[in-house]
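Asker: Sequence:
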Amino acid sequence: MKKHLLPLLLVPALFLQGCSFLGGVSDSLSYTNETVAYINEAADFSQQLPEMTQQALSDPAALDRLTAELQAMQAEITAFKDLQAPEFASEIDQQLTAYSDTLNTQISGLLKQAEAGAVSLQALEQSQIMQTASQITEILDQVKQLGS
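26 is the number that this note's numbering gives to position 26 of the sequence shown; each next residue is one higher, with no gaps.
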């Protein structure tokens with residue numbers, strides 16, 4: 001009787017371990033895909049920011065769009081920080097989180113200036129948003145390797 005009971009107990013245990021492994025792979029791919037999307041958003045944001053800032057200098061509607069884009073990027077940062085990184089990606093995640101925190105702080109400063117109507121290209125350059133966004137995009141190749 002005991003000989004027949006053991007296989008019946010082992011089969012579900014092995015099945016559950018397999019499901020756990022597949023879930024881990026799925027979570028890893030999900031993290032990689034969402035992180036790549038976040039990095040691409042940061043790259044697009046940094047490419048568009050100088051032009052948006054230039055337009056905002058003379059167009060109140062462009063200033064509103066700039067403010068909305070800054071707030072949208074902050075929402076992207078928050079969404080990224082809510083992701084759970086798989087253990088093997090923890091070092092990359094820590095780097096990205098640190099850069100994202102810096103970017104969020106820099107965006108907050110620029111937002112305050114935009115809301116006060118004091119946005120300028122000089123303020124953008126001094127904020128170092130472009131450099132921080134560049135640091136984020138430099139990690140893209142490392143993240144892509146996680147998914148392969």
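By construction, these hints were calculated from the structure, which means they are not laboratory data. Fair warning: there could be bad hints in the mix.
Pairwise CB distance ranges (calculated) [unchecked claim]: (1) E138 with L29: 20 to 28 Å; (2) Q47 with E87: 28 to 36 Å; (3) Q48 with Q126: 15 to 23 Å.
On a predicted model such as this, the values are computed, not experimentally measured, just so you know. Beta carbons are placed, not taken as given, at the ideal position from N, Cα and C, and that holds for glycine.
Asker: Decide, hint by hint, whether the structure agrees.
Answerer: Hint check results:
| no. | hint | result |
| --- | --- | --- |
| 1 | E138 with L29: 20 to 28 Å | holds (22 Å) |
| 2 | Q47 with E87: 28 to 36 Å | holds (33 Å) |
| 3 | Q48 with Q126: 15 to 23 Å | holds (19 Å) |
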